[in-house]
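For reference, the chains in residue letters:
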Amino acid sequence: MSTNAQKKGFGATVWDYLTTVDHKKIAILYMIAGGFFFLVGGLEAMFIRIQLAVPNNDFVSAGLYNEILTMHGTTMIFLAAMPLLFGFMNAVMPLQIGARDVAFPFVNALGFWLFFFGGIFLNLSWFLGGAPDAGWTSYASLSLASEGHGIDFYLLGLQISGAGTLMGGINFLVTIINMRAPGMTYMRMPLFTWTTFVASALILFAFPALTVGIFLLMFDRLFGSNFFVTAAGGNTVIWEHLFWIFGHPEVYILILPAFGIFSEIIPVFSRKRLFGYSSMVFATVLIGFLGFMVWAHHMFTVGLGPIANAIFAVATMAIAVPTGIKIFNWLFTMWGGSIKFTTPMHYAVAFIPSFLLGGVTGVMLATAAADYQYHDTYFVVAHFHYVIVGGVVFAVLAGTQFYWPKMFGTMLNEVLGKITFWLFFIGFHLTFFIQHFLGLWGMPRRVFTFLEGQGFETANLVSTIGAFFMAASVIILLINVIITSVKNEKVGNDPWGDGRTLEWSIPSPPPFYNFKQLPLVRGLDPLWIEKMEGKKGMTPAEPLGDIHMPNNSFIPFVISFGLFVAAFGAMYRLDYAWGLPVLILGMAITFGSMFFRSVKDDHGFHIHKEELTDDNDKGVKA
Amino acid sequence: MHAEEKMTLEKWPAAPEKQTLEGKNKFLGFWLFLGGETVLFASLFATYLALKDKVPSQEHALAEDLFEIPLAFLMTMLLLTSSLTSVYAMYHMKNFEFKKMQLWLGITVLLGLGFLGCEIYEFNHYVHEYHHTFTSSAFGSAFYTLVGFHGGHVVFGLSWIIILMARNAKRGLSLYNAPKFYLASLYWHFIDVVWVFIFSVVYLMGMVG
Numbered sequence: 001m002s003t004n005a006q007k008k009g010f011g012a013t014v015w016d017y018l019t020t021v022d023h024k025k026i027a028i029l030y031m032i033a034g035g036f037f038f039l040v041g042g043l044e045a046m047f048i049r050i051q052l053a054v055p056n057n058d059f060v061s062a063g064l065y066n067e068i069l070t071m072h073g074t075t076m077i078f079l080a081a082m083p084l085l086f087g088f089m090n091a092v093m094p095l096q097i098g099a100r101d102v103a104f105p106f107v108n109a110l111g112f113w114l115f116f117f118g119g120i121f122l123n124l125s126w127f128l129g130g131a132p133d134a135g136w137t138s139y140a141s142l143s144l145a146s147e148g149h150g151i152d153f154y155l156l157g158l159q160i161s162g163a164g165t166l167m168g169g170i171n172f173l174v175t176i177i178n179m180r181a182p183g184m185t186y187m188r189m190p191l192f193t194w195t196t197f198v199a200s201a202l203i204l205f206a207f208p209a210l211t212v213g214i215f216l217l218m219f220d221r222l223f224g225s226n227f228f229v230t231a232a233g234g235n236t237v238i239w240e241h242l243f244w245i246f247g248h249p250e251v252y253i254l255i256l257p258a259f260g261i262f263s264e265i266i267p268v269f270s271r272k273r274l275f276g277y278s279s280m281v282f283a284t285v286l287i288g289f290l291g292f293m294v295w296a297h298h299m300f301t302v303g304l305g306p307i308a309n310a311i312f313a314v315a316t317m318a319i320a321v322p323t324g325i326k327i328f329n330w331l332f333t334m335w336g337g338s339i340k341f342t343t344p345m346h347y348a349v350a351f352i353p354s355f356l357l358g359g360v361t362g363v364m365l366a367t368a369a370a371d372y373q374y375h376d377t378y379f380v381v382a383h384f385h386y387v388i389v390g391g392v393v394f395a396v397l398a399g400t401q402f403y404w405p406k407m408f409g410t411m412l413n414e415v416l417g418k419i420t421f422w423l424f425f426i427g428f429h430l431t432f433f434i435q436h437f438l439g440l441w442g443m444p445r446r447v448f449t450f451l452e453g454q455g456f457e458t459a460n461l462v463s464t465i466g467a468f469f470m471a472a473s474v475i476i477l478l479i480n481v482i483i484t485s486v487k488n489e490k491v492g493n494d495p496w497g498d499g500r501t502l503e504w505s506i507p508s509p510p511p512f513y514n515f516k517q518l519p520l521v522r523g524l525d526p527l528w529i530e531k532m533e534g535k536k537g538m539t540p541a542e543p544l545g546d547i548h549m550p551n552n553s554f555i556p557f558v559i560s561f562g563l564f565v566a567a568f569g570a571m572y573r574l575d576y577a578w579g580l581p582v583l584i585l586g587m588a589i590t591f592g593s594m595f596f597r598s599v600k601d602d603h604g605f606h607i608h609k610e611e612l613t614d615d616n617d618k619g620v621k622a
Numbered sequence: 001m002h003a004e005e006k007m008t009l010e011k012w013p014a015a016p017e018k019q020t021l022e023g024k025n026k027f028l029g030f031w032l033f034l035g036g037e038t039v040l041f042a043s044l045f046a047t048y049l050a051l052k053d054k055v056p057s058q059e060h061a062l063a064e065d066l067f068e069i070p071l072a073f074l075m076t077m078l079l080l081t082s083s084l085t086s087v088y089a090m091y092h093m094k095n096f097e098f099k100k101m102q103l104w105l106g107i108t109v110l111l112g113l114g115f116l117g118c119e120i121y122e123f124n125h126y127v128h129e130y131h132h133t134f135t136s137s138a139f140g141s142a143f144y145t146l147v148g149f150h151g152g153h154v155v156f157g158l159s160w161i162i163i164l165m166a167r168n169a170k171r172g173l174s175l176y177n178a179p180k181f182y183l184a185s186l187y188w189h190f191i192d193v194v195w196v197f198i199f200s201v202v203y204l205m206g207m208v209g
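In order, the protein sequences belong to chains A and B. Number 588 in the UniProt record's numbering belongs to position 588 of the first sequence; there are no gaps in the numbering. Number 61 in the UniProt record's numbering belongs to position 61 of the second sequence; there are no gaps in the numbering.
FYI, nobody ran anything at the bench for these hints, they're computed from the structure. It is possible that part of the hints are untrue.
Restricting the straight-line Cα-Cα distance to at most 30 Å, the calculated cross-link-like pairs of lysine-lysine (DSS-like) are [what the hints assert, rightly or not]:
(1) Lys-94(B) to Lys-180(B)
(2) Lys-99(B) to Lys-52(B)
(3) Lys-180(B) to Lys-170(B)
(4) Lys-52(B) to Lys-180(B)
(5) Lys-24(B) to Lys-99(B)
(6) Lys-94(B) to Lys-18(B)
(7) Lys-24(B) to Lys-94(B)
(8) Lys-99(B) to Lys-600(A)
(9) Lys-8(A) to Lys-272(A)
(10) Lys-180(B) to Lys-600(A)
(11) Lys-600(A) to Lys-170(B)
(12) Lys-600(A) to Lys-52(B)
(13) Lys-600(A) to Lys-531(A)
(14) Lys-170(B) to Lys-24(B)
(15) Lys-24(B) to Lys-180(B)
(16) Lys-100(B) to Lys-180(B)
(17) Lys-531(A) to Lys-490(A)
(18) Lys-100(B) to Lys-170(B)
(19) Lys-600(A) to Lys-100(B)
(20) Lys-600(A) to Lys-536(A)
(21) Lys-609(A) to Lys-11(B)
(22) Lys-609(A) to Lys-170(B)
(23) Lys-94(B) to Lys-6(B)
(24) Lys-531(A) to Lys-6(B)
(25) Lys-52(B) to Lys-24(B)
(26) Lys-170(B) to Lys-52(B)
(27) Lys-418(A) to Lys-490(A)
(28) Lys-8(A) to Lys-340(A)
(29) Lys-170(B) to Lys-6(B)
(30) Lys-609(A) to Lys-24(B)
(31) Lys-487(A) to Lys-8(A)
(32) Lys-100(B) to Lys-11(B)
(33) Lys-8(A) to Lys-600(A)
(34) Lys-18(B) to Lys-340(A)
(35) Lys-600(A) to Lys-6(B)
(36) Lys-8(A) to Lys-531(A)
(37) Lys-609(A) to Lys-6(B)
(38) Lys-24(B) to Lys-600(A)
(39) Lys-600(A) to Lys-535(A)
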């Protein structure tokens with residue numbers, strides 16, 4: 001019964017991961033798949049920078065450059081950043097609230113496999129006639145004119161993976177609302193749990209707009225409808241609205257969990273409770289709320305009129321207020337703390353000024369009149385890389401170092417970790433800081449090359465050199481992962497020594513049922529409270545009893561695979577006779593397995609308390 | 001109380017759909033899902049309003065030429081009544097009267113099928129009498145997508161209720177299947193609410209707006 005107790009063969013391990021519904025294993029799947037797509041997206045970024053290193057370069061052709069550019073953005077947002085954050089949410093959030101599992105373990109697995117097959121489908125476009133080439137925003141006027149099937153790969157791939165993300169969001173919301181341990185009130189939840197909560201709410205209300213946008217564009221391209229065909233009465237601005245009603249909340253879906261990770265790291269290594277906890281919660285919720293009111297700041301130059309532009313400009317600037325609150329709270333948390341400069345803390349300290357730069361250029365861009373000057377220049381590229389890389393990627397790298405022992409039971413090497421940090425930090429600023437000026441000097445976005453003698457040569461070369469620093473840093477991170485995994489020196493419950501929240505009160509990695517007895521939470525930073533009273537662990541809130549666990553299932557994989565098959569059918573329906581049958585076959589696989597899931601009872605199983613008392617080294621130590 | 005336990009009227013709780021943790025989670029998760037569905041339909045409504053009567057040439061039929069209130073009214077009545085009958089079904093579910101619940105669910109399904117029949121007739125009518133198709137204009141695309149998404153939800157909801165009725169026909173109510181019936185009826189109410197908006201925004205505003 002105890003699935004992680006004994007050593008298993010390779011085949012059994014693979015089967016275990018294909019069928020798992022355990023949030024900790026799903027987290028590992030998210031990290032592997034997200035990490036893979038991060039490398040793919042990074043390789044695409046390197047191609048972009050190599051092409052732009054010198055004027056009139058012909059490293060890639062103009063058409064291929066468009067494909068690389070599109071896939072870099074799409075891959076990094078949908079297939080790297082989101083899954084990596086989902087990985088941390090799955091790995092950490094249920095432990096932080098003292099839950100034995102997420103609310104819907106089956107749906108959790110389904111969400112992962114949908115994302116995975118959507119991502120694979122999207123990337124298969126490279127081998128099947130060309131990738132999408134209309135930018136990650138895929139504006140309808142461009143994407144309807146794009147030949148071949150690249151855009152169709154984009155639409156169908158994102159539709160499948162988007163469904164998975166939506167399921168993940170609902171799952172996290174219900175988990176946080178319904179499954180907190182005794183005493184874990186909302187205002188005692190760790191900040192990472194809070195940001196997961198707000199980001200999940202944003203997913204719930206933002207992704208359906210993307211779903212509709214993608215459906216409309218898919219209908220236009222594959223089924224002859226006229227939503228964006230102006231000659232038949234259509235209107236391409238509808239796509240822009242739908243895309244950004246999703247797209248702007250999306251950047252907060254990415255940055256809020258990043259804020260959460262830093263809000264965990266800073267108190268641990270300052271050995272002080274988070275300054276202004278309730279204002280942090282308030283700021284998180286306010287950012288989530290305002291995040292839905294600002295989408296048209298991406299469309300200032302569309303011509304919506306001065307009133308609309310003014311309203312969206314003011315709403316956008318308002319977001320600087322809660323974000324500023326957070327910045328000051330992080331600073332005040334460190335103030336007077338006994339700070340330990342570990343690798344995660346390096347990232348956290350570097351994140352604050354880096355992200356602040358992105359925030360300041362954000363307010364500049366929010367000034368609608370000035371935006372006419374910045375729009376579609378490298379200034380925008382610099383801005384969003386400062387917030388996404390300086391915020392989200394820093395957080396992912398910091399979180400990897402910080403939570404690695406909790407996920408895998410062994411510490412990543414600190415020296416290599418600091419080398420990774422410095423290379424990445426220097427490379428990041430070298431690459432993107434100069435791009436602000438490239439933009440102000442007039443270099444447009446999305447161009448595949450530039451001419452000599454316009455003053456862009458040096459700055460572009462500097463930018464490219466910076467990119468190589470970041471590539472080197474990621475390679476060192478991979479070496480670190482390999483060395484650490486080979487050495488595999490086991491660590492205890494609280495490897496950083498100053499853990500404050502519940503995840504550090506249980507073994508690393510946790511047993512598959514997480515908590516032998518649910519812990520009693522007596523305040524914010526529950527483990528810290530117990531430590532301050534001289535106890536070694538949490539006080540249990542319940543007597544030892546049977547634990548109910550869900551069964552593994554292969555059905556999530558099959559449901560997702562069916563949609564993967566159906567997507568090929570939908571795309572090739574007009575080209576080949578086999579298209580329609582394949583579409584029907586794929587849908588039959590999906591709905592058939594849903595039917596099977598629906599009619600077959602699955603009650604899960606119980607771990608009996610006698611089995612729990614046998615292995616004394618697991619569960620809560622009192 | 002375990003989900004698979006054999007139930008009697010005495011043991012049947014007041015809110016069987018929320019008695020187990022699994023039921024509680026499903027209840028909340030489904031409400032949240034309906035929140036997401038609301039955004040989905042809001043996006044479709046916005047698209048429809050933006051593209052209403054947007055046609056490539058003057059020969060194309062507009063909303064005021066197409067819609068007939070009597071048919072739309074009949075469809076509204078069928079769907080509203082089916083929402084009421086699903087409430088009756090849930091009333092009997094809460095009273096542990098399985099056969100009566102099945103009966104009212106059966107009536108709900110028949111009314112839903114009646115609605116679907118009307119919708120198929122309506123679409124067929126527009127296509128053959130007015131050449132108003134999915135591909136003829138932006139208006140056509142937006143109309144069939146909005147109303148068709150709703151119709152697709154009706155088909156899914158009907159299949160869901162039918163499968164539930166058939167699967168549980170022999171074994172009666174338990175705390176394992178009570179949340180399933182409850183959520184199916186919740187979904188059915190949601191479909192009904194969306195239709196109220198379609199009736200107002202598409203049909204009534206199409207005639208007078």
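Going down the list of hints, with the structure as the test:
1. Lys-94(B) to Lys-180(B): Holds, at about 13 Å.
2. Lys-99(B) to Lys-52(B): violated (46 Å)
3. Lys-180(B) to Lys-170(B): Roughly 16 Å separates the two Cα atoms, so the pair holds.
4. Lys-52(B) to Lys-180(B): Not OK: Lys-52(B) and Lys-180(B) at ~38 Å, beyond 30 Å, violated.
5. Lys-24(B) to Lys-99(B): holds (25 Å)
6. Lys-94(B) to Lys-18(B): Given that 30 Å is the threshold and the Cα spacing comes to 11 Å, the pair holds.
7. Lys-24(B) to Lys-94(B): holds (15 Å)
8. Lys-99(B) to Lys-600(A): holds (22 Å)
9. Lys-8(A) to Lys-272(A): Not satisfied, since the Cα-Cα distance of roughly 42 Å exceeds 30 Å.
10. Lys-180(B) to Lys-600(A): holds (13 Å)
11. Lys-600(A) to Lys-170(B): Judged against 30 Å, a Cα distance of about 14 Å means the pair holds.
12. Lys-600(A) to Lys-52(B): violated (45 Å)
13. Lys-600(A) to Lys-531(A): Distance ~47 Å between Lys-600(A) and Lys-531(A) Cα, so the pair is violated.
14. Lys-170(B) to Lys-24(B): At roughly 25 Å apart (the allowed maximum being 30 Å), Lys-24(B) and Lys-170(B) satisfy the hint.
15. Lys-24(B) to Lys-180(B): holds (11 Å)
16. Lys-100(B) to Lys-180(B): holds (17 Å)
17. Lys-531(A) to Lys-490(A): holds (22 Å)
18. Lys-100(B) to Lys-170(B): holds (14 Å)
19. Lys-600(A) to Lys-100(B): Measuring from Cα to Cα gives roughly 24 Å; hence the hint holds.
20. Lys-600(A) to Lys-536(A): violated (45 Å)
21. Lys-609(A) to Lys-11(B): holds (27 Å)
22. Lys-609(A) to Lys-170(B): violated (35 Å)
23. Lys-94(B) to Lys-6(B): holds (16 Å)
24. Lys-531(A) to Lys-6(B): Roughly 46 Å separates the two Cα atoms, so the pair is violated.
25. Lys-52(B) to Lys-24(B): violated (41 Å)
26. Lys-170(B) to Lys-52(B): violated (49 Å)
27. Lys-418(A) to Lys-490(A): Measuring from Cα to Cα gives roughly 21 Å; hence the hint holds.
28. Lys-8(A) to Lys-340(A): At roughly 39 Å apart (the allowed maximum being 30 Å), Lys-340(A) and Lys-8(A) break the hint.
29. Lys-170(B) to Lys-6(B): holds (13 Å)
30. Lys-609(A) to Lys-24(B): Distance of about 25 Å is within 30 Å: holds.
31. Lys-487(A) to Lys-8(A): holds (19 Å)
32. Lys-100(B) to Lys-11(B): holds (19 Å)
33. Lys-8(A) to Lys-600(A): Holds, at about 28 Å.
34. Lys-18(B) to Lys-340(A): violated (47 Å)
35. Lys-600(A) to Lys-6(B): Status holds; Cα separation ~18 Å.
36. Lys-8(A) to Lys-531(A): At roughly 37 Å apart (the allowed maximum being 30 Å), Lys-531(A) and Lys-8(A) break the hint.
37. Lys-609(A) to Lys-6(B): It holds: about 24 Å lies between the C-alpha atoms, which stays within 30 Å.
38. Lys-24(B) to Lys-600(A): It holds: about 20 Å lies between the C-alpha atoms, which stays within 30 Å.
39. Lys-600(A) to Lys-535(A): violated (46 Å)
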